[in-house]
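Make the full structure from the sequences, and use the hints.
Protein chains: 4
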Amino acid sequence: VNLKGIFPPVTTPFDSAGDVAYEKLKENLVSWNKTGLAGYTILGSTGESIYLMEEEKLRIVEAARDAIPNTKHMMVGVIYESTRHAVDFVKAAARVGADSVLVGAPNYYKERMKDEVLFAHYTRVAESATIPVLLYNVPQFTGVSLSPSLVARLSLHENIIGIKDSSGHIIGLSEIVRLAQPGFQVLTGSAPALFPSLCLGAVGAVLAIACAAPEATVELYNIFVGGDLARARELQFRLAPAMFMTTTYGIAGLKAAMDMMGYYGGDCRLPLLPLNESAKVEIKAVFRKAGLL
Amino acid sequence: VNLKGIFPPVTTPFDSAGDVAYEKLKENLVSWNKTGLAGYTILGSTGESIYLMEEEKLRIVEAARDAIPNTKHMMVGVIYESTRHAVDFVKAAARVGADSVLVGAPNYYKERMKDEVLFAHYTRVAESATIPVLLYNVPQFTGVSLSPSLVARLSLHENIIGIKDSSGHIIGLSEIVRLAQPGFQVLTGSAPALFPSLCLGAVGAVLAIACAAPEATVELYNIFVGGDLARARELQFRLAPAMFMTTTYGIAGLKAAMDMMGYYGGDCRLPLLPLNESAKVEIKAVFRKAGLL
Amino acid sequence: VNLKGIFPPVTTPFDSAGDVAYEKLKENLVSWNKTGLAGYTILGSTGESIYLMEEEKLRIVEAARDAIPNTKHMMVGVIYESTRHAVDFVKAAARVGADSVLVGAPNYYKERMKDEVLFAHYTRVAESATIPVLLYNVPQFTGVSLSPSLVARLSLHENIIGIKDSSGHIIGLSEIVRLAQPGFQVLTGSAPALFPSLCLGAVGAVLAIACAAPEATVELYNIFVGGDLARARELQFRLAPAMFMTTTYGIAGLKAAMDMMGYYGGDCRLPLLPLNESAKVEIKAVFRKAGLL
Amino acid sequence: VNLKGIFPPVTTPFDSAGDVAYEKLKENLVSWNKTGLAGYTILGSTGESIYLMEEEKLRIVEAARDAIPNTKHMMVGVIYESTRHAVDFVKAAARVGADSVLVGAPNYYKERMKDEVLFAHYTRVAESATIPVLLYNVPQFTGVSLSPSLVARLSLHENIIGIKDSSGHIIGLSEIVRLAQPGFQVLTGSAPALFPSLCLGAVGAVLAIACAAPEATVELYNIFVGGDLARARELQFRLAPAMFMTTTYGIAGLKAAMDMMGYYGGDCRLPLLPLNESAKVEIKAVFRKAGLL
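Residue numbers (my numbering), protein chains in the order written: chain A, 1 to 293; chain B, 1 to 293; chain C, 1 to 293; chain D, 1 to 293.
Take these hints with a grain of salt, some might be off.
All copies of an identical chain are treated as equivalent in the list; a pair is satisfied when it fits inside any one copy or across any two copies.
[To be verified] Taking lysine-lysine pairs in the DSS-like style, the calculated list, with each CA pair at most 27 Å apart, reads:
1) 114 - 26
2) 114 - 280
3) 72 - 289
4) 280 - 72
5) 110 - 280
6) 110 - 284
7) 114 - 284
8) 110 - 26
FYI, nobody ran anything at the bench for these hints, they're computed from the structure. Predicted, not measured: the structure shown is a model, and the values here were computed from it.
Below you can see the structure in the form of structure tokens.
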């Protein structure tokens with residue numbers, strides 16, 4: 001499985017009643033399909049996975065698969081606390097067409113999540129999965145960090161093929177590249193870390209900004225792959241304010257940017273509150289200045 | 001609703017296949033009913049709530065209600081990320097006999113959980129609930145802290161009657177007592193904080209140690225209420241190593257202690273691993289030295 | 001040596017040129033001498049010790065001793081990174097009349113400050129000192145915390161007689177009281193923690209608020225010692241906003257409050273900037289509401 | 001002033017009595033002068049600056065200048081809490097031959113160190129200095145971080161020519177490069193961050209590993225400047241274990257490595273304890289495996 005390139009962590013559209021707008025999801029995918037995106041991450045953190053009911057999650061994966069051609073990779077997020085829940089959902093996701101799963105770290109009992117606990121958890125999930133597993137490191141949300149040495153050990157498992165590292169801790173990503181099994185695929189999940197992560201050997205990226213500005217994100221990746229580091233860095237710096245904007249305002253900010261860029265963004269599910277107007281104005285200004293609008 | 005006294009955050013027993021052992025739960029409750037415990041917290045953090053499937057949760061509450069007499073308060077944990085999920089579960093819990101609900105803070109998108117977001121979330125849950133709501137502050141698990149000023153604002157809501165503060169941050173608890181609406185009931189969820197919290201005006205406590213050693217915990221509370229501070233502090237200090245032991249080893253440690261004390265403990269659900277033997281020996285020694293065994 | 005009671009961590013007055021105003025220091029002490037304060041801490045964190053030159057420090061201790069009667073205890077802060085520097089200054093302080101020294105933890109190389117390093121440091125300082133040594137735990141400034149087990153080990157040294165714990169972490173203070181050698185004297189350095197710390201067995205306190213409001217602080221202590229817990233807690237709650245005000249605005253805020261209360265406060269040394277007027281107005285309002293003005 | 005290239009943060013040698021061994025310092029410099037190092041940082045964190053007496057510091061700078069040819073840049077660390085102390089020492093350092101100063105952030109009162117405080121401090125130091133000023137960001141020691149926006153503002157000052165960023169937070173370094181005045185020189189102070197920092201536009205580095213292995217560190221830099229990214233990254237990965245080793249064991253570990261590599265390392269000043277033998281064996285093994293020994 002080849003994970004080179006840019007993947008948007010697909011947002012979940014809601015209608016005005018707060019229910020999932022499956023058709024809007026498909027429409028976004030149809031638009032994105034026309035770009036150079038390598039594939040999609042469904043039900044990730046940016047997809048508000050943890051706000052969705054079980055039945056909604058499977059319908060979303062099914063709807064997404066409908067709209068995603070087989071030439072594009074569909075990675076599905078698996079964010080659960082219990083091992084059995086994660087194992088069950090991986091199976092269900094595989095049944096409805098997932099190409100791989102991105103498995104979050106259990107984290108509620110933070111002090112208990114020692115390397116041996118996480119190692120056992122991921123090993124068990126990987127063993128029961130019929131599709132490839134990616135590790136998902138996002139300590140800013142989980143309060144738990146997958147150490148490079150743990151990742152290196154897990155990279156030896158034949159069904160664990162890569163990691164999405166959203167920590168933004170680039171020395172950690174560097175250590176993962178250095179220590180992991182050759183062929184283990186490292187993706188960054190932090191847009192401000194994109195350029196240096198590629199320099200260090202990351203093969204791709206799962207980036208929220210790619211939901212709103214897929215072309216520019218893919219362009220940066222392609223310039224880098226083409227070998228023009230100076231131009232790649234320059235584009236990274238030009239896009240940086242837009243990249244930070246979506247993190248400053250969270251998913252609501254990203255969805256507002258998507259609305260501006262011609263996709264369906266809409267509101268988040270509660271408790272996430274709608275974005276106020278001044279934030280939208282600021283986001284528009286930043287996107288305009290970055291040459292995205 | 002009177003929340004004075006000691007509440008154990010009831011552990012969820014599992015059988016050797018990892019399935020919920022409902023009968024063991026009832027047996028534990030029958031034993032605890034004979035002590036001076038004021039009531040119970042079902043499906044709290046210590047109950048491995050986040051490892052349970054929806055259908056298991058409701059069966060647990062029903063089973064617990066069966067075994068808990070109406071003279072004992074049954075508080076039910078509501079630990080969900082989305083507002084709609086929390087609202088739905090509060091209704092379900094009320095239907096199956098909960099006397100109150102203990103509502104966890106949404107926390108996945110930590111940076112987004114500003115006071116206004118949490119205020120709106122809790123207000124909406126409280127408005128839709130037909131039974132009283134308690135706030136649940138446990139930043140060591142959630143990475144999100146309910147500030148005293150937020151708690152004070154929420155305490156004005158007539159259906160928000162109290163808080164379980166498990167932070168162990170006693171100055172914060174003191175500020176909550178000082179700033180909240182008169183009559184707002186503060187419970188500590190930190191055993192090492194029990195004595196000073198009572199001095200500061202906490203009316204009760206939800207303590208893991210009370211699952212294994214209910215009598216000693218109730219005794220400490222009763223000595224305090226009886227006005228003998230020196231003896232209360234002395235007992236606090238005598239029990240302290242046992243209190244820390246259950247936090248050092250987590251729920252697995254608590255369950256091992258329960259097994260030693262004649263209750264059904266058993267193993268935790270994965271990813272939590274079984275306790276090794278040396279830890280059990282250490283826990284036994286500490287409980288013995290504290291005069292509990 | 002008896003450390004019962006309230007000690008202000010004496011501020012260092014500066015004149016308009018930023019030089020030490022030794023006479024103002026003496027005048028403040030003369031005023032404070034008329035209150036029920038048990039003694040003084042000179043050159044502590046609140047005394048801007050780390051902003052003073054070596055020669056200024058000794059002159060300040062000498063000036064203070066001039067103004068402090070032998071019936072009041074003079075504790076002198078020793079805040080240095082190197083062991084030899086601390087040892088030297090303890091000797092110098094003893095020569096100019098210090099009754100005890102309050103020795104800060106070395107902290108620059110935070111990761112290196114393991115218990116064995118701190119144990120060796122404090123042991124060496126205590127062995128070379130001709131006056132009693134107190135440990136000083138103030139992790140909010142040092143980024144290094146003295147663990148209760150380390151403090152307990154150090155409490156066995158005959159020349160280490162106590163600790164000022166400014167962490168505000170009351171469970172930690174409780175553990176120190178529980179684990180330390182009997183007779184080891186625990187003082188809290190956190191005003192919001194005063195009442196619960198006394199309940200737990202602290203014998204006294206070193207509190208910035210006592211520079212501005214010595215009588216009220218001493219009154220709280222005396223009420224507690226007199227056994228009226230309800231009134232002590234009530235006074236704690238009444239004073240709380242004033243206690244937090246001085247932490248919100250730092251030493252500049254404390255000095256502004258001192259100016260309002262008839263002492264000499266003045267400005268801090270740079271880089272600490274002068275307080276703006278709106279902060280002064282706020283502090284005045286809070287002190288008035290607390291019945292201090 | 002051109003800061004391109006590799007600078008070792010020169011260790012301060014002590015003799016067996018714990019006194020500064022000035023001759024050993026000179027001998028080390030004479031050896032280093034034969035390598036491709038661009039210059040030296042004297043009295044930095046690795047130089048145990050905070051353990052030195054004032055008179056020792058100036059003698060060290062004088063001794064270093066004696067041994068450093070004018071073709072090599074001598075940067076001198078200025079690590080003080082008070083603005084006036086920093087201003088005074090900058091003048092003294094200039095008098096004894098410093099080419100630039102590396103000015104640490106005041107940090108004791110961490111919560112007070114707002115951007116406006118740090119801005120005023122650095123501006124005042126820069127205005128009074130007759131030699132160029134570099135900012136020094138090392139939050140792991142100070143607990144205070146210089147934000148990219150603060151650095152960008154300070155970069156407008158004509159006498160503030162660069163920054164040593166030892167945070168290891170590469171996104172922060174990236175933001176500094178992006179936001180600072182063109183020509184502002186960014187040096188990384190984190191060896192594991194060297195390669196990605198150079199990719200992002202850092203012009204050089206101040207690295208502890210360069211005290212023990214100057215040739216290899218300079219080689220990495222030269223390979224990067226020569227444009228062979230793949231080889232530069234490969235060398236970065238080969239050196240990484242040695243780079244982490246010196247951080248794992250601190251200055252004592254670095255000095256042990258220096259002793260192995262033919263320089264004078266020796267012990268640190270107390271409270272830093274001597275390294276045990278097993279650590280030395282481990283360091284030797286790591287240096288050997290990295291091809292340095």
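Each hint, compared with the structure:
| no. | hint | in the structure |
| --- | --- | --- |
| 1 | 114 - 26 | neither (40 Å within a copy, 32 Å between copies) |
| 2 | 114 - 280 | between (41 Å within a copy, 19 Å between copies) |
| 3 | 72 - 289 | neither (31 Å within a copy, 43 Å between copies) |
| 4 | 280 - 72 | neither (32 Å within a copy, 51 Å between copies) |
| 5 | 110 - 280 | between (35 Å within a copy, 21 Å between copies) |
| 6 | 110 - 284 | between (38 Å within a copy, 25 Å between copies) |
| 7 | 114 - 284 | between (43 Å within a copy, 23 Å between copies) |
| 8 | 110 - 26 | neither (37 Å within a copy, 29 Å between copies) |
Taken one by one, the earlier hints fail for this structure at numbers 1, 3, 4 and 8, listed in ascending order.
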